[in-house]
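**Q** Here's the letter readout for the chains.
2 protein chains.
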Amino acid sequence: MMNRNVAPEARGITFTGSTLDRADQLRVHPERLSVAWADTRARVVRLDGLDPLPDDEGMLATGPIEPGARLADHALLGLQEDGVPLFIALHVEKKPHEPPVFPPKVWQIVPHLRPDQAALYAGARSLVDWHDRHQFCACCGSPTHPVKAGWSRQCGTCGAEHFPRTDPVVIMLAEYEDKVLIARGARFPPGRFSALAGFVEPGETIEEAVRRELWEETGIRTGRVDYLFSQPWPFPSQLMIACTAQALDCALTLDLEEVAEAMWVSREEVRAALAEAPDARFQPPTPVAVAHHMLRHWLGE
Amino acid sequence: MMNRNVAPEARGITFTGSTLDRADQLRVHPERLSVAWADTRARVVRLDGLDPLPDDEGMLATGPIEPGARLADHALLGLQEDGVPLFIALHVEKKPHEPPVFPPKVWQIVPHLRPDQAALYAGARSLVDWHDRHQFCACCGSPTHPVKAGWSRQCGTCGAEHFPRTDPVVIMLAEYEDKVLIARGARFPPGRFSALAGFVEPGETIEEAVRRELWEETGIRTGRVDYLFSQPWPFPSQLMIACTAQALDCALTLDLEEVAEAMWVSREEVRAALAEAPDARFQPPTPVAVAHHMLRHWLGE
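Sequence lines, in order, name chains H and G.
Quick note on numbering: the first sequence equals residues 1 to 301 in UniProt numbering.
Quick note on numbering: the second sequence equals residues 1 to 301 in UniProt numbering.
Just chain H, same shape as in the assembly (with noise of 0.2 Å):
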């Protein structure tokens, strides 16, 4: 049997719709995992640096096991649809000057992956990522060491288990008479705006985190919250939930350390910045994102 994943929510949204098996009944069981590793069938899935490695028809690239390499220094992915397993080497050569997020062209590379070996690539660039940044323990500091197929390290000395971070993070657009409210990161180039965004904290809902940031940022209240969706963000690892938000007024009071500009837009904008129109209001966020999803959705398509 089969994990049928795809999702009928997902609509093209970047990252979505994995057609793997995670299998995690392996993940905890030495003697099932040592099998799936001596499956001549496996595969390694191959990354340069944190970046995919895409061959013509948008698969990541693989190879076989390498003779001599170790189990322990790989995550078991999951099995693939046709049951042959996917580790990858949790050990990275990161790049010099790898930027930790945002990279510029790994957003040009994504477009042209298949859309389930960008969720592939998602999940698989988190999990190295996560095992680059946490090899001592944050509870003593000492050495840490895979554990579970990768999916989880265990402190040697203290023994405390660590898990892989996914970080929610709230997305949205505040509606106000038939407008959006988008606007234009401190850190964005001119022109080009986006959804408003942040990190849901401890001791928030989906819906306060949502009301916080909009007040935070632009000063405006907010009353009734809906979500739409969600997406895996590998940039390091987010888990994007977007959502809708019914403004209570519209006057704008902006934290300018976070927000360069923001301004409300209606749908013949929204559709004029999406069409890029020469003589749009403004650059609309790129399809990789799930903000684009989010003013496309707004539209009704």
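Simulated from the structure, these hints should not be mistaken for laboratory data.
Each hint should be verified, as a subset may be incorrect.
Straight-line Cα separation of at most 30 Å, DSS-like style, residue types lysine-lysine; simulated pairs [to be verified]:
(1) G:LYS94 to G:LYS179
(2) G:LYS94 to H:LYS148
(3) H:LYS94 to H:LYS148
(4) H:LYS94 to G:LYS148
(5) G:LYS105 to G:LYS94
(6) H:LYS94 to H:LYS105
Computed Cβ-Cβ distance ranges for the label pairs, DEER-style [to be verified]:
(7) G:THR157 to H:ASP279: 50 to 58 Å
(8) H:ARG32 to G:GLN246: 28 to 36 Å
(9) G:GLY223 to H:GLU301: 18 to 26 Å
(10) H:ASP255 to G:THR286: 33 to 41 Å
(11) G:ARG46 to H:ALA69: 49 to 57 Å
(12) H:ASP48 to G:GLY49: 46 to 54 Å
(13) G:ARG224 to H:ARG267: 21 to 29 Å
(14) H:HIS297 to G:LEU254: 33 to 41 Å
(15) G:MET263 to H:LYS94: 44 to 52 Å
(16) H:VAL35 to G:ARG11: 44 to 52 Å
(17) G:THR253 to H:GLY219: 49 to 57 Å
(18) G:GLN154 to H:ARG187: 19 to 27 Å
(19) H:ASP132 to G:ALA38: 37 to 45 Å
Being a predicted model, the structure only gives us computed values, none of them experimental.
All residues carry an ideal CB built from backbone N, CA and C; glycine is no exception.
Take the given structure of chain H and dock chain G to it, following the hints.
**A** Coordinates of chain G only, in the frame set by chain H:
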């Protein structure tokens, strides 16, 4: 201007409905933070280890800033509606054998807290516990110190900045022919059932995580997934994301290491359980847990 954070969607779900303004702009402005610390009205929330200390009116115990106390040893939780700054000490005196999760004593105290105080407790507990378990840098193993008013830690050696964790967890009711699927976890007492749940992993959406967990733990396939509401869960720091999922079949194949029993229950059976009827088929989850509200929501309550 105050942060009006009381949420229309907060249907009495424990740990939601905070009225605190987190005042994030103070965290990064040392001089504004010092003004808050010097405010003679400022209060420090007191905990008993990691447990709440409520008074007879359901308020968390607070005290003044003690002479000699250092701002660097405290986190700014935020500003009350009357503008009073609330801090908490970052050093926690953990009690011997303090259970890291599911502390039964806390579950007994929390229902006696005023809802906004329970929400305040949730954020404070998660934050303090995170500091306690993250004294060292995961990148290089060196000691870290609190920065940004206790909302992050920085490594004195490599400079890496670490933020408090919030781990997204999906919790779901699968529906099939007007019944929902509930389960008894392998460590639950006999008779006690709840909704299935699991951590969202890197590289998957909320909906994909719901389908994967149901598949892994009960062997059922699901189609449409709908988000219901969310809850912060401070044992130690989860974001519970409640969903329903439409099951495509009802035959169960349990992962017995995770799930001792699972069953499809009718509205009548859920109603009897929530009413604690003597002949009820199962004991429902505690009202503190979001699963309780998911069952009530399913009944249309």
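**Q** If a hint holds in the structure, say so; if it does not, say that too.
**A** Each hint, compared with the structure:
At most 30 Å may separate the alpha-carbon atoms for a hinted pair to count; LYS94 of chain G and LYS179 of chain G exceed this at roughly 43 Å. Between LYS94 of chain G and LYS148 of chain H the alpha-carbon distance is near 29 Å, which keeps this suggested pair within the 30 Å criterion. Pair hint LYS94 of chain H plus LYS148 of chain H holds up; C-alpha atoms about 24 Å apart against a cutoff of 30 Å. At most 30 Å may separate the alpha-carbon atoms for a hinted pair to count; LYS94 of chain H and LYS148 of chain G meet this at roughly 29 Å.
Taking the CA atoms of LYS105 of chain G and LYS94 of chain G, the gap is about 14 Å. The hint holds against a cut of 30 Å. Restraint check: the Cα-Cα separation between LYS94 of chain H and LYS105 of chain H comes to about 14 Å, which is no more than 30 Å; the hinted pair holds. The hinted range of 50 to 58 Å is satisfied by THR157 of chain G and ASP279 of chain H, whose Cβ atoms lie roughly 53 Å apart. Taken as a hint, the range 28 to 36 Å holds for the pair ARG32 of chain H and GLN246 of chain G, whose Cβ atoms sit roughly 31 Å apart.
Between GLY223 of chain G and GLU301 of chain H the beta carbons are some 22 Å apart, a value that agrees with the proposed interval 18 to 26 Å. As the Cβ distance of ASP255 of chain H to THR286 of chain G is approximately 39 Å, the hint placing it in 33 to 41 Å holds. Taking the beta carbon of each, ARG46 of chain G and ALA69 of chain H are about 54 Å apart, inside 49 to 57 Å as hinted. Evaluation of the 46 to 54 Å hint for ASP48 of chain H and GLY49 of chain G yields a pass: the beta carbon distance comes to about 48 Å.
The supplied range of 21 to 29 Å is met by ARG224 of chain G and ARG267 of chain H, whose beta-carbon atoms lie about 27 Å from each other. Distance hint check: the CB atoms of HIS297 of chain H and LEU254 of chain G are about 37 Å apart, consistent with the given range 33 to 41 Å. For the pair MET263 of chain G and LYS94 of chain H, the beta carbons lie near 49 Å from each other, so the given range of 44 to 52 Å is met. At roughly 48 Å, the beta-carbon separation of VAL35 of chain H and ARG11 of chain G lies within the given 44 to 52 Å, and the hint holds.
The beta-carbon spacing between THR253 of chain G and GLY219 of chain H, approximately 52 Å, falls within the hinted interval of 49 to 57 Å. The given range of 19 to 27 Å is respected by GLN154 of chain G and ARG187 of chain H, whose C-beta atoms sit roughly 21 Å from each other. Range check, ASP132 of chain H to ALA38 of chain G: about 42 Å between beta-carbon atoms, so the 37 to 45 Å window is met.
Hint 1 from the earlier list is the only one contradicted by this structure; the remaining hints agree with it.
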